[in-house]
Amino acid sequence: MDHKDSIGVFFFDLMGTVNDPINYSELAKYTLGFQQVLQAWHYSDFPWNEETIRKKIETNDLSKIIVAGALPGTVKTLFSKAMSMAGKNPSSVILVSFNEYGIWSDKEIERAKALLICAIRDIPYEIAAMPGDAPVNPATMIIGGGISGIQAALEIANGNTLVYLIEKTGTIGGKMATFDKTFPTLDCAACILTPKMVEVNQHPNIRLMSYCEVREVTGDAGNFTVKLLQKARKVNVTTCIGCGTCAEKCPATAPSEFDSGTTMRKAIYMPFPQAVPNKYLIDAESCIYLKTGKCRACVKACPVPDCINLDEPDKEVLIKVGNIIVATGYKTFDAARMEQYGYGKYPNVLAALEFERLLNASGPTGGNIHYRTQDKKGNWIFSTEAEKPEKLAIIHCVGSRDKNYNKYCSRVCCMYSLKFAHLILDKLPEAEVFEYFIDMRSFGKGYEEFYERIKEEGVSIIRGKTAKVEAKNGKLLIRGEDILRSELIENIVDMVILSTGLEPGEDTKKISEMLGIPTSDGGWLEEANYNTDPTGTFRGGIMLAGTCQGPKDIPDSVAQGSAAAARVIQNILRGRVTKDISGLTLEEIENHINEISPIQV
Amino acid sequence: MSIRVNPDLRNELIQFGIGDWNACYHCGTCTAICPLSEEGFLFPRKKIRLMQMGLQGPLESSVEPWLCYYCGDCTKTCPRDANPGELMMSLRRYLTSTYDWTGLSKKFYTSKIWELAWILFFAALVIISFLVILPSFGYKFTTELTAEGGVKLNSFAPIPIIEAFDWIMAIIVATLLISNILRMYYKIIWKNSTTKVSLWVHIREFWLLIFNFAVQPKFSKCDDKRYWGAHWFLMSGYTIMFIVIVVFLPWFQTEKILPVWDPQRWLGYYATFGLLFGLVIAIFGRLKKKDIKFRFSHVSDWLFLVMLTLTVITGIFIHIFRINGMPMATYVSYITHMAVLVPMILIEVPFSKWSHLAYRPFAVYFTQLKKNAVLK
Ligand code: SF4
Ligand code: SF4
Ligand code: SF4
Ligand code: SF4
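Respectively, the protein sequence lines represent chains S and V.
1 is the number of the first residue of the first sequence in the working numbering; add one for each residue after it.
1 is the number of the first residue of the second sequence in the working numbering; add one for each residue after it.
Okay, chain V solo, but in the shape it has when bound (with noise of 0.2 Å):
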């Protein structure tokens, strides 16, 4: 089979960060003091060659950029500069825009403007509906408050239809991430004629893919543990909240001031502290830049902070303007949550940085496909 080298593979690739793509000399010190590359799956010097041969069949079917979490140990070390574990994250970036089929993901990683307009344009579309259209099906704002002295949030923002509004949201994201995810699959897996994986594999390491989310083992094999303990803080934290919101939000959208030892607020408490906690390391390592991992910083990368770091701060205030009865603050932040929560869900998430929730744990169970497949 021949390869096609597409020589504007680099110029593309600049768009999404990759750097100098030319300073790489190839010595392999990367690869070799990478604590996760291994024999089969070798990286980053493997890409960049690649990347700099414009090699994009074989580059759009890799599946080592996910494997990689960045602890920056090959930017370190590399004695050109090269900045392979940078490069690393802008292949993600890349791969992400070319599972992506709708091509927006492409469009907001290389388009600052974009991405901007398309996130303005959905928290506009929020907040008309919280002003305009719910209040002319009679979803009023109101200042009487529940007995219990709390703000009378479900009239003002119902639940049935929140929910509703909830559970679309979350198909079309499922939609957009599964249909992605295939087409991942169908890249690294399907479309390699050389090896074959048996039913019997994908169902036995399914098993992996779960754990992976749950633990993320691979980062805390990294030499630096603490990034380990913020990311999975931050990842626990929003997927309690992204499951209590979505399934049990009656259950969480509540008038009533539970007690302060109601598991319905312990939960969300543990979440906020998950959330924050990640957010403020990340957000002081990107403004510090000490570590090699945050010392170059997307556009994307940053706007996925900042957003994050809204949803959770006016949900913050949601809560405390509502137990403490102050009606219009809890309105008012309740419609600044959506509209910073909705964009992000709905752009974030299927298009640019937070996809890559889905995509590397499945990386790594289609890296253990790889491994259990035989030869065709």
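So that you can see chain S by itself, here it is in the shape it has in the complex (with noise of 0.2 Å):
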């Protein structure tokens, strides 16, 4: 340390915090607090240009200056230059950037004053706030059994250690168990994800728990205490034998989740054919006997003996583990939410799960694409039995890029479209299909080529995003702006498929507060570095995986699950976890400093 240096300090806000504004003067305060701090400004404190900056450098004779706030690079320059009209080292300006720290409001003092001493005594933060190591337990936990969480957990346990998958719903499989086709290979989801999700339930070193919620975490990283809730499935999963008898016997149905809504279930279900436990469970909500203590019909159908349990109770249970990945997925936008596309209110505009579901072979109508139509009952369904649409309109970024819902690009939402598009041609060879996007979005690799192919395919790809959609004589009217050729679309179509984006799970929130990830724009768990960390998080031994972290697509998600288990494996390797980010206290952080580079007088 050069015990010569005069320090003057500039503070500067450009950002403006609104709420809990950073408290300044106790900033100012604190740096004065150091023999080598001459004077602190705020921005407001007077006019800042070349001129009068070098004025203070030359009454202070100031060696080194420290400009700290939000976006101090954009004052980076006028400063430089000061120092050198003041015949001083221009390079003498340093930075401490509160935003690239997560500093956004007074909560955060402490770590702004912990960058500040740093700069002072020109120490890296990084250094100093080396968090410490801490030994690892070596099972782990994936909360979320989508493609991303079973990837996670193959990879860690075919490494030979213990991994639990937590799964809120009956199964696993998450959103890709759903869909038809992958773009843009155009291979089948189900035949690719069927056999990681078998190979996840037989695998000796995971301990699969479907319909289980993560009450609460306790403890630090390499020793988490978690607080599990099963929830009862009320029907055995070691029996059960999967034979359907009881649901063929139940009175009460409610929409099926795995199909969209589109198709009605029972209350003792098995989410889809291949689930996996490819076991049956009851939802306690629409089961009658557990609203009116009436009925039992399955449990006298059943075939294997106290198979069904219709009290059992949910559980508690504790799990120990040393790492928890994060892969809790991802919700598609209300498309209600947009009234102007009459999604809810003009049964065959649909959303995109809906439509995927319709072009599957497992969905409603055994992948062929029908009308929806009202049954005897006048409820709108999805049958064979209804006419085929001949012209179909998607319309892109429903939900998305849009700054009264989503500002956010959701990614996924192009290719799937052209998916969509492909799909309806294969099965509707006469079809017209039209897509109205904004901008297509192909950036992933073979996807601009897949954009080609749709093209040539006959799909109308029309630029302009669609205004709305009304009911014109029991068909669709659309009406947009061809903005490529200057021209009012009025379209009347039979089919209008809503290409909604991607937010962030239910529970994303909720899982946030309990493990202290902040959630960035938009509500996506936030990763310790967008570039070079987009698996970590600030808390040590926590790992992000898949669309919780941010909208992506499936080869991008079972990378990302990849690489959080490398994180995980690295961890257990090497028998010791690295403590949270920024953990220590400004004390520590000061005695730290002091330890590195003792003060000489």
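If you are wondering where the hints come from, they were derived from the structure by calculation, not from laboratory data.
Virtual Cβ for every residue (Gly too), placed ideally from N, Cα, C.
One thing to keep in mind: the hints can contain errors.
Said to hold, decoys possible - Distance windows between CB atoms, simulated: (1) V:Pro35 / S:Ala336: 19 to 29 Å; (2) V:Arg183 / S:Leu484: 27 to 37 Å; (3) V:Gly19 / S:Val198: 49 to 59 Å; (4) S:Gly458 / V:Arg49: 27 to 37 Å; (5) S:Ala471 / V:Gly19: 56 to 66 Å; (6) V:Lys370 / S:Glu490: 39 to 49 Å; (7) V:Leu182 / S:Thr77: 49 to 59 Å; (8) V:Gly19 / S:Ser84: 32 to 42 Å; (9) S:Lys81 / V:Gly19: 24 to 34 Å; (10) V:Gly19 / S:Thr52: 26 to 36 Å; (11) S:Thr373 / V:Ile210: 49 to 59 Å.
Claimed, not checked - Pairs of lysine to any residue residues, derived as SDA-like cross-links and limited to a Cα-Cα distance of at most 25 Å, are as follows: (12) S:Lys407 / V:Phe296; (13) V:Lys218 / S:Glu490; (14) V:Lys196 / S:Arg485; (15) S:Lys510 / S:Asp553; (16) S:Lys345 / V:Cys222; (17) V:Lys221 / S:Glu339; (18) V:Lys140 / V:Pro160; (19) V:Lys76 / S:Asp426; (20) S:Lys403 / V:Arg286; (21) V:Lys76 / S:Met209; (22) S:Lys472 / V:Ile292; (23) S:Lys468 / V:Gly40; (24) S:Lys472 / V:Glu39; (25) S:Lys345 / V:Lys76; (26) V:Lys221 / S:Asn473; (27) S:Lys403 / V:Met53; (28) V:Lys76 / S:Asp334; (29) S:Lys345 / S:Glu490; (30) S:Lys407 / V:Glu39; (31) S:Lys403 / V:Lys290; (32) V:Lys76 / S:Ala336; (33) S:Lys509 / S:Thr182; (34) S:Lys407 / V:Arg49; (35) S:Lys472 / V:Lys221; (36) V:Lys76 / S:Arg463; (37) S:Lys403 / V:Ala23; (38) S:Lys407 / V:Lys76; (39) S:Lys468 / V:Ile168; (40) S:Lys407 / V:Lys196.
Take each chain as given, in its own frame, and dock them per the hints.
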């Protein structure tokens, strides 16, 4: 350390935090506590320009300047110029960027102080605040059994350590299990996913806990205690033979989650034929017995004695793990929020996941595209008896890239829309397909080629998002502008498919609070570093995988699942895990700095 | 024909209130949602494009901004908060300034100081005329009352002089407006080398102009009919007042206290009510900012409202004080009334927000001409 430094500190607050503003006078007081610091100014103290700053440098004979605050980089040149005008070294301008270290309000003032002392004492924050290690419990918990969670679970379990895979619903497989084909390869999604699901189920190192929720996580990196709520399936997972006799007799129905509500299931049900575990369970909310105390039809029908226990209670389970991977995924945007598209009002305006089921051979129409029609009771259903649509329109960016809803791009919808167009023509070669888009985001390997291919297949791809969908003579009228030709579009079609975007899953907020991982813009869980550590979090021993971190397609989700697993295996092999980043208190950091470079007087 | 790009155009337009010129990403939602946009006359997106690209020529020869009645639907649904409705409003301000050959309009729109200074200047002229010039010609304040107990307004503000003055003002304003409308015609129709409109079409479509002025059917196409009503009252009240003051002043500015059922009083009351009703809705709207059309207010919008309100209120005062025989109060009201009215007519009508009363109906007329145009 150069004890002859004479430092001036300048606080810069371009973003102007509205709630709970950072207390700059306290920061100034803190810096003035160091003998090297001669003066501290806030940018509201005097107008900043080269001239005024040069004067401050000259009158105080400053040899080093610290510019601290939000986006200090924007004023760096000003200070470098002022320094050289004053005949000082222009590179002695040190920036302390609050936003880079997640300091947005007065709550983080301790971290701001830590950054300032590091700048004053010329020690990188990363070194001064380097967290220590802790021994690691080799067991791992993965929250969420979608494709990322499954991938991570298999990677770790194949490395011969124990994995608890916690899945909220009755089956693993997540959203991918509901898809028909993947883009751009047009592989059958079930064909590539099901073997992995089965492997998870049979793996000696994986404890699959389906219908189970994480309630509380205590402890720290390497040694977490997790309280789980094992919800009662009310059907014994070991003895149920999956015959379905119970469901045949069950009088209660509810919309099938797996089919996005396009079909009905019973209160006792298997989520879908390839579900893992491949066993029945009872949905307490729709079961008549659990509501009124009368029924038990399933119990009477079940051929296995004592397999169904309608009075089975939910249980709390405690597990101890060293690492946690969060893979809670996404939900799709609720298209009914955009009234102009008439979703929920017009039965043949479909959301993406509904249409995905319509295309799927295991879906309501066995993979044939039919209108939604009314059955005898007046309910809107999909049935193979209905007519087939001849003109279909796909509207992109529904709920995405829209400041009224979500301003981000959901990344997958352009591609799945193209996939839809292809599959429609595959199944209805005579159909006319229109895609209304703003920009075509075909960024991945083979994606642009896929786009070209779909164009050649004869799909009308029109630049211009649709403004509204209205009913017209039993059909749907679309109004939009063809941007490239500057023409108003009024197109009458039979079916409209809304390319609904991705949103953080319902439980993301809860998980974020429970684990102490902040959410970033849009509500996605925040990674430790966007570029260099997209899998880690600020919490040691907690990793992210898949769409809980941000919109992603399947290849990226799988890749991140593997990456998170690699981090876990690294910790296990090393036997130690790094504690939370920025977990040190200000005092610990100060002491650490004094150890590294003792003050010379 | 090549088109010149003016990279500074958007900076110029910022002064007219366009806001964030770069926000629009051309999704076309606004055009499709707009109840008034139609094939051949697509807006607002196309106009935003011209503005972003700096295509000044095509922008200046656009008629579309005048076809927008600012219902705000586009702004509500725009995914980028680009505020297309306000953009169209700003383009109208800009177009007003390009039609005006004196260059004053631009000055008024882009500099508050200029506009205020001119308004104050004319107001001062009016006050000086009444306090110094007219009295020196023998037109004095008199506290004497008429036989009926009313104020002798005409001996203080002699009808022939006021009437002559009215006509002069009307001629100035009309000359300015007509010459500007001719320029508008030149830009929108004449200069357009690809289409040709026959004289017969010009004549045939002329009735539309009158119809449009009277009814504003376009405005009523917007989903929210309330503003069409409010605007219609305001406009009809204004037109009636304008006609009686300029053409029938001797009948209107009378010392007689007419019976309540007299048509002169009825007309006056209707016009006052129409003006007040429209004004109250507009002022509350702008203050509450709930509806998109009122969310963003340019200085010119407020000036217009404040001046018109002042004129109406002082007009009401004149009437009340006069029939109740309160000479001094009447005179003060009268001078204030004129001091607001004169600059309003001389500045707002030809150069600022009020010019839309001429440009809008003509824009509809020109649109109709364009629709009937044949390719050359
Ligand atoms: S007890 Fe419940 S699950 Fe069983 S058959 Fe009756 S309603 Fe269905
Ligand atoms: S991926 Fe395509 S459809 Fe989806 S939000 Fe992005 S641009 Fe819109
Ligand atoms: S102004 Fe808004 S709605 Fe209109 S094209 Fe631009 S982004 Fe779309
Ligand atoms: S404000 Fe209304 S009339 Fe004007 S462009 Fe927007 S939608 Fe059309």
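Outcome of the hint check:
no.: 1; hint: V:Pro35 / S:Ala336: 19 to 29 Å; verdict: 24 Å, holds
no.: 2; hint: V:Arg183 / S:Leu484: 27 to 37 Å; verdict: 33 Å, holds
no.: 3; hint: V:Gly19 / S:Val198: 49 to 59 Å; verdict: 57 Å, holds
no.: 4; hint: S:Gly458 / V:Arg49: 27 to 37 Å; verdict: 29 Å, holds
no.: 5; hint: S:Ala471 / V:Gly19: 56 to 66 Å; verdict: 35 Å, violated
no.: 6; hint: V:Lys370 / S:Glu490: 39 to 49 Å; verdict: 21 Å, violated
no.: 7; hint: V:Leu182 / S:Thr77: 49 to 59 Å; verdict: 53 Å, holds
no.: 8; hint: V:Gly19 / S:Ser84: 32 to 42 Å; verdict: 39 Å, holds
no.: 9; hint: S:Lys81 / V:Gly19: 24 to 34 Å; verdict: 33 Å, holds
no.: 10; hint: V:Gly19 / S:Thr52: 26 to 36 Å; verdict: 32 Å, holds
no.: 11; hint: S:Thr373 / V:Ile210: 49 to 59 Å; verdict: 53 Å, holds
no.: 12; hint: S:Lys407 / V:Phe296; verdict: 23 Å, holds
no.: 13; hint: V:Lys218 / S:Glu490; verdict: 21 Å, holds
no.: 14; hint: V:Lys196 / S:Arg485; verdict: 23 Å, holds
no.: 15; hint: S:Lys510 / S:Asp553; verdict: 24 Å, holds
no.: 16; hint: S:Lys345 / V:Cys222; verdict: 23 Å, holds
no.: 17; hint: V:Lys221 / S:Glu339; verdict: 21 Å, holds
no.: 18; hint: V:Lys140 / V:Pro160; verdict: 15 Å, holds
no.: 19; hint: V:Lys76 / S:Asp426; verdict: 38 Å, violated
no.: 20; hint: S:Lys403 / V:Arg286; verdict: 24 Å, holds
no.: 21; hint: V:Lys76 / S:Met209; verdict: 46 Å, violated
no.: 22; hint: S:Lys472 / V:Ile292; verdict: 29 Å, violated
no.: 23; hint: S:Lys468 / V:Gly40; verdict: 20 Å, holds
no.: 24; hint: S:Lys472 / V:Glu39; verdict: 20 Å, holds
no.: 25; hint: S:Lys345 / V:Lys76; verdict: 21 Å, holds
no.: 26; hint: V:Lys221 / S:Asn473; verdict: 23 Å, holds
no.: 27; hint: S:Lys403 / V:Met53; verdict: 24 Å, holds
no.: 28; hint: V:Lys76 / S:Asp334; verdict: 19 Å, holds
no.: 29; hint: S:Lys345 / S:Glu490; verdict: 20 Å, holds
no.: 30; hint: S:Lys407 / V:Glu39; verdict: 30 Å, violated
no.: 31; hint: S:Lys403 / V:Lys290; verdict: 19 Å, holds
no.: 32; hint: V:Lys76 / S:Ala336; verdict: 17 Å, holds
no.: 33; hint: S:Lys509 / S:Thr182; verdict: 29 Å, violated
no.: 34; hint: S:Lys407 / V:Arg49; verdict: 22 Å, holds
no.: 35; hint: S:Lys472 / V:Lys221; verdict: 20 Å, holds
no.: 36; hint: V:Lys76 / S:Arg463; verdict: 21 Å, holds
no.: 37; hint: S:Lys403 / V:Ala23; verdict: 11 Å, holds
no.: 38; hint: S:Lys407 / V:Lys76; verdict: 15 Å, holds
no.: 39; hint: S:Lys468 / V:Ile168; verdict: 52 Å, violated
no.: 40; hint: S:Lys407 / V:Lys196; verdict: 46 Å, violated
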